[in-house]
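Undergrad: Letter by letter, the chains look like this.
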Amino acid sequence: MKDFIIPWDETDKGTPAKTGAPVTLTIDGFAVTVPEGTSVMRAASEAGIQVPKLCATDSIEAFGSCRLCVVEIEGRRGTPSSCTTPVADGMVVHTQSERVRRIRRGVMELYISDHPLDCLTCAANGDCELQDMAGVVGLRDVRYAPGENHFDVRQNGEANPRYTPKDESNPYFAYDPSKCIVCSRCVRACEEVQGTFALTIEGRGFDSRVSPGAGFDDFLSSDCVSCGACVQACPTGTLQEKSVIELGTPTRSVVTTCAYCGVGCSFRAEMNGDTLVRMVPAKGGKANRGHSCVKGRFAWGYANHRDRILNPMIRDHVDEPWREVSWDEALSFAARRLSAIQAEHGRRSIGVITSSRCTNEETFLVQKLARAVFMNNNTDTCARVCHSPTGYGLGQTFGTSAGTQDFDSVEQTDVVIVMGANPTDAHPVFASRLKKRLRAGAKLIVIDPRKIDLVKSNHIEAAHHLALRPGTNVAVVSALAHVIVTEGLADEAFIAERCDDESFADYVAFIRDPRHSPEAVEALTGVPAQELRAAARTFATGGNGAIYYGLGVTEHSQGSTTVMGIANLAMLTGNIGRPGVGVNPLRGQNNVQGSCDMGSFPHELPGYRHVKNGDVREIFERHWGVEIDPEPGLRITNMLDAAVDGSFRGIYIQGEDILQSDPDTRHVAAGLAAMDCVIVHDLFLNETANYAHVFLPGSTFLEKDGTFTNAERRINMVREVMKPKNGYADWEVTQALANAMGAGWHYSHPREIMAEIAATTPSFAGVSYELLDRMGSVQWPVNEEHPEGTPMMHVDGFVRGKGRFIVTEYVATDERTGPRFPLLLTTGRILSQYNVGAQTRRTDNVVWHDEDVLEIHPHDAEQRGVTDGAWVRLASRAGETTLRAKLTERVSPGVVYTTFHHPETQANVITTDYSDWATNCPEYKVTAVQVACSNGPSDWQEDYAAHAAKARRIEAAE
Amino acid sequence: MSPDKMVHMANQIAAFFKTQPGGGQAEKLAAHLNDFWEPRMRAQLIAHVAGGGAGLDALVLDAMDHLNAPAA
Ligand code: SF4
Ligand code: SF4
Ligand code: SF4
Ligand code: FES
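Residue numbers (my numbering), protein chains in the order written: chain A, 1 to 958; chain B, 959 to 1030.
Here chain B stands alone, though its shape is the one from the complex (with noise of 0.2 Å):
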């Protein structure tokens, strides 16, 4: 996938999160990314963040810490 388009749906997904009101924003994004994106596109985020996430949202890069990163 683009980098571009992969930047731009996960940061569609935390223009999401964001507007929920209590905490946990950005568990709750990793949540949505680990039930929905397949490892191939998660690692690609992984990958993204790890060279320096140019382009996401801060609430995206808030939420690595909580992505399952898939097993190789």
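For reference, chain A alone in the conformation it holds in the complex (with noise of 0.2 Å):
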């Protein structure tokens, strides 16, 4: 085993790289060229020397506080700071010099005088800067007596006043204040990079210590939200990762790709052995440009969680208990089941839905399972319950199923849209790089029901916030698109130019009608018409206008026709087709793109290819040897109909849960109850697995090589830094399970799939696993035309050619409030856990969120006599649950908010059968509920957790 050849230079180059005019400068007699405004320091470590530093750290700009960096230029007097200095034409640098020697050792010196000496025994031996540069400099004595210092517990018989204990509050991470040297590179990470601003330097000189917000609070009570972006930045072992204090430091390291979020960061993999040790952010990611959340940095103890499942099982009835056996028996056992159901019901009767977690390699073999091993186009993916109106609304205006740009975009964006979604949370690093654009002058509007963090937190505000009733997307875009025409504020060119004249007109035509005007919809939206107004005149002028969205905008009835409205904003304001601009679909799971380019869809063969269309359905034929079916097949709503009418009976679900994660869970355990086959292939014993026949133990993402793709089209290496502790990678399963089919497939890496993926569609046509790993990652389409990927899509001319507009009309849902359920309910998710949890709450992620609460405005509680941390009853028409409340006015009257992560809260017991008109998305974000007082737990609630607990029992071995 060696460390992977990381494709990137990772060197600390001291202060963060610049653009500009070059200039060239002389260093220790080398010449070097660098951009205008960059330090002297990093030019010096372009050069290939090193300056001694404490301070300065390449993801913050300089402070020039240490003095380590002196150096000498001609020309100047004293001895500047190289972290400070920009360089100049012609200048001449001495790194080294007797002066400058000096000057470093008595820095030095006066460190170490107040640190502790116990360098063996710190968790940081080996991996800290100030031991690197007490060497660098030739640090060879300290002159000073012992006298006050922070590090003795006690001095002279006594508690001593400036020492503090360690503050352990953080399940990740420990802060020892004995250790620091207050470079403030913490505080400045927190700020620069991570934009949460939680933490401060307290006192001045001798006595300043960085402190976790306001004198008393820890780090866990503090505003601190876990990324690690400040243990990340010190230099020394003040701030370090818990699992490097009881593991120890890592000896090989190897890159991958997180597999929470559909940011898609890039992480090294720091290794002891086969043991993680910690998941560092990698700086030549470059969806994360070396930044992370609490989730990839921390959150990946699941891995070896004692609930892990390594063995397969079966079951002939789910009220039985699972009885553990062989790979072998369980494969057979599966495919006798699922060739009998088929032999008596037909083809059509069983189905595969893929994983938006697993790799693309994995769900291209599931969906290929379906359909050249079960002959039918059965198969889905939980993409489906979140972003499959993206695809549609998309695909029918822009002619591709995207996001149009890179997130390095966000640097060149002057005004953003974000709707639907709250990126703090749910894309955290994401967020982080739109906050410091915001910080740095961009303008925010946002268009969500709920005062979502980014409306105003530390250092950020927007500049408008349209807190809509859900349920009214269309009706606010198409209000926008209403002011910008009638106000003359469209890009004429623009639309002359790149689209579609005829599609132009028409929606001109529909648009123009005053029953648009923001003053008509007002009453219906809940939006002040001048607010609406001042938006949109901010967006149409404003300079480059982006648009990100992400749930809240297509789990809707109108899903499809929001985002169809938000595509024909961006080609009204003429923001598509250059850096700064775009529209952006923020991807829930890691590889939802990816399973969606996969071909997960049931009427889409990979590449978004339709399944009627004879000539793609030819390509796979002949490299798989079987003829596909050209009919659409079942989605997953539709599977669990069918399953309830009788035709539908088996089913192979890959690491997905679709009785947490599903809307209107009664219906969804009505449907896997009803059929004779449900395998379950996941990491734990999910809820979904209550209901299965045979449960195949699956692999996590460290355990396997691969690609994940994100939400920017960037197809990321994940890289098996492990073994699979149950034996096979996902891949292998689906391999063995087809092939006890009589499928005969002989696949012996990943690297083989990816090639069939290359060979059969023409987007990834120039992908491979040599192209990754020379490029670290690249962006789809790969092919002749642009064979390193493509950043930006529709730079020239849109996929479909012209731009279409797309005439919006606002239809209500069906979903509507009364004196039954006169609120309006909506769900989301919150930052420490993942959507359904499974992994999040077997890690100390836990501490953050425990149980999902219901938000509710103080008014809606006052009337129902609803206090703070109560128990509730939230009811709709669909069924109820208990949950405790939270009053807050994030939430406006009216609307009340939850999450789904825990399986007690079952908040999809509440959801309803509704869904987006075009794609069967359902509508999370819209149900009319009730809340009431209550004293515990529903029936359902206590019937699932008797159930659930029965159908989980594991027959002892004997």
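Because the hints were derived from the structure by calculation, they are not lab data.
Be a bit skeptical, because a hint or two may be false.
[As the list claims (entries may be wrong)] So the derived list for chain A, only partly shown, Cβ under 7 Å to chain B, looks like this:
no., residue
1, D506
2, E631
3, G633
4, L634
5, D641
6, G766
7, V807
8, E809
9, V811
10, T813
11, W917
All C-beta atoms in this analysis are idealised placements derived from N, C-alpha and C, irrespective of residue type, glycine included.
Starting from the two chains in their separate frames, assemble the complex, guided by the hints.
TA: Below, the structure written as structure tokens:
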């Protein structure tokens, strides 16, 4: 085993990269050319000369406090610090001289005199810049007599008033103030990189110390979101991962990709043998640029959780306990049942669900299993329940189903619309990059029923917050377009050149109608007309305009229509095809984009090509040697309907928990219960497994090779850093199941699957593992025209040719409030938990969120006698549950909000079976509900808990 | 699928195509159903129409002429 060769340079160059005209200078006699604005320190590093430093690191701007980095510059007096001195043409720099050596040694001597000398037992031993610098400057003795310091617990027989004990409140890292050199790298990282401003330097001079918040806070109770940026920036062992304290410093590292959200951050998995010691965000990762959030950085402990199931299990009936069996027995049991169902009920009676958490290669195989082995198109994915309207809406307007930009694009944006998304919780690293741009002056328009953190938090404030009533997205988007068109703010030149005339003429005729004016829709949407007009003007006239949206757009009856409305807005304002603009769906799970690309949907073969097209089918028929069914297959909700009707009886579900994640839990349960063979392939006995007959243990992202595709269309490598604990990577399990049904597949490595994808799917034509190893990552399409990928789409023309405007009439959802259910429930998630929480609930992240709560406006609460923290009953026409109430003005009166991370809450018992008209994406974001005081779990919750406990029994081994 | 649910879904799709400019709404609606509704679902719709088509939007009824009947 050796380190994977990191395809980028990870050296800390001391200060951030700049862009500007080239400037040439000489450093220690070597000429070096760098962009204007670069520091002397960075220029030296580019030339291969590392100037000693302590307070500088290249993720944050230079601060110039330690004076270790002094150099001599010919023609200048004194010894300037190289980190804060910009380069100039013709400058002659000497990084070494007797004078600077003396200064540096003096600086180090001072630092060391207030630092404990227990290096050998320090967790940062071998990984400490203070240690390194002591060596580099040749520190040989410390002449100061022991005196006042911050590290002795007791001095002169008394408690040392300067000593502060360790803060171990954060579950993942410790803060040991006795080791702090007060370089403030952590404080600046928290501000500049993360944008949370949780840390400050308290006190002055010798007394100054780093503090999380207002003097009495510890890390856990402070504003800290545990992103790890400060830990990463700290040059000493002061801020240190607890896993390193426990396991020792890592000895090898492998670059891989986070398996949580659609940002797709690159990490170095740092290992000791086959033990993962820590995950460190990779600087060369083009999605994250060296940043991370608490999930990817720290919440990987689920991989070793005792709940993980490592052996296959089967049972004849779901009310029996599970029986552990060999892989062979489990697979042949599954294959026998599936074949028997098909023999009796026809070839369309079984299907698959692919996972947005598994790799592209695994997803490709699962849909291939349906198409080439089951011989039908019954394949769907959980992307159905989040972003299917994006596929449909963007496909109709632009001709491709994907975001238009890369994340770097946000650095050039002037005005941003964030609609139905909550990036600080759901896409944290993107949020940090966005906030950085906002602090630099870009304007923000938030369209969301809730006052999300971006509306106002430390050093950022939205210019406009359109707090619409849930379910009125289309009306708001149309009103924005109405203002732009009627006030003459549309980008006529762009439209004339790039868009379809006829569709534009129809659209203008439609949108001009006064019924779309902000004034006309105010009563419906609850958004003040003046505010909406102002927002439209800001967006249309503010420079580069970018739209980022999430599930608050798609998960509605009119989800697809809203996506088209967003595309209309971007075309109207000419905001497509250059950096800083675009339409950017924020994908929920890590591989939502990839699972859609890979043909998981029942009507599309890989690459978004409809199964009705004979030429496309032929490509796959040739490769696979089978005939492909030309009819679209069943979508998840249709499968469940067909199951209840008796015509759909077997399913293979990879890495999804539809019972918890899909709406209308009772309906899902009824569908699953009606099937003869439910195969769950997962890490844990998830909720769906309560209805399963076969359980195939899954592998984590640490245990397999493959690729994920993030929200930017970026294909990132996932690398096997340890062997699968369950024995097989997920793609091997799918292959074994296919072969048990006679498929005769013989892939020996995921690279061969990628080769098949490239051979059959034009947008992946140029993708190979060799290319990914060399480039680090690429954004599809990768083809002859774009051999190294496509960071930006629709540059000279839309994929479909001319952009097509689509008329977007508002149609009210049938889910309406009334006397029985007067409130609107909307759902979302929070930072520390992920989706149904199967992974994050099995980590220490639960310290931040150990139950789902119901956010309710104090006014609505008062009317119902509900107090903060009280148990409430939440009921809709679909069902009811109980949870605790949290009184907050983040939600408007009339609206309540909850998350769905915990199975005990069963929030989806409440959601209904209404869905997007075009794609059946469920309407999670609007449910009419009533809230009342309660004193405990609902009958459903109790029955459910009893049933789940029974269904999870595993027979004791003999 | 419950007839109510099917009728609701079909009417939702009709509600979109009804608002689209130009002619051929019935064809467009039928094309959408042909593209996205699995044969079983289309068969159920056809049977429902044969039984009187209770609750269905007029545009859905118009579209039936263009709907591909699934091979049995
Ligand atoms: S972990 Fe992140 S949020 Fe917390 S103090 Fe460090 S940089 Fe700030
Ligand atoms: S905690 Fe670390 S980064 Fe922060 S001031 Fe102290 S030594 Fe510097
Ligand atoms: S969860 Fe998302 S933002 Fe956080 S580290 Fe993983 S990919 Fe990055
Ligand atoms: S590194 Fe330049 S002053 Fe600290």
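Undergrad: It remains to establish, for every hint, whether it holds in the given structure.
TA: Taking the hints in turn, this is what the structure says about them:
Taken as an interface hint, D506(A) checks out: its beta carbon lies about 4 Å from the nearest beta carbon of chain B, inside 7 Å. At a threshold of 7 Å, the smallest CB-CB gap from E631(A) to chain B is about 5 Å, leaving the interface hint in force. With 7 Å as the threshold, the beta carbon of G633(A) comes within range of chain B, its nearest partner Cβ sitting at about 6 Å, so the hint holds. Because the closest C-beta pair between L634(A) and chain B is about 5 Å apart, less than 7 Å, the hint holds.
Among the interface hints, the one on D641(A) holds; its C-beta lies about 4 Å from the nearest C-beta in chain B, closer than the 7 Å criterion. For G766(A), the interface hint is violated, the least distance from its beta-carbon to any beta-carbon of chain B being 29 Å, above 7 Å. At its closest, the beta carbon of V807(A) sits 6 Å from a beta carbon of chain B; the interface hint therefore holds under the 7 Å criterion. For E809(A), the interface hint holds, the least distance from its beta-carbon to any beta-carbon of chain B being 4 Å, beneath 7 Å.
Taken as an interface hint, V811(A) checks out: its beta carbon lies about 5 Å from the nearest beta carbon of chain B, inside 7 Å. At a threshold of 7 Å, the smallest CB-CB gap from T813(A) to chain B is about 9 Å, leaving the interface hint violated. Taking 7 Å as the C-beta contact cut-off toward chain B, the hint placing W917(A) at the interface holds, the least distance being around 4 Å.
Of the numbered hints listed earlier, those contradicted by the structure are 6, 10.
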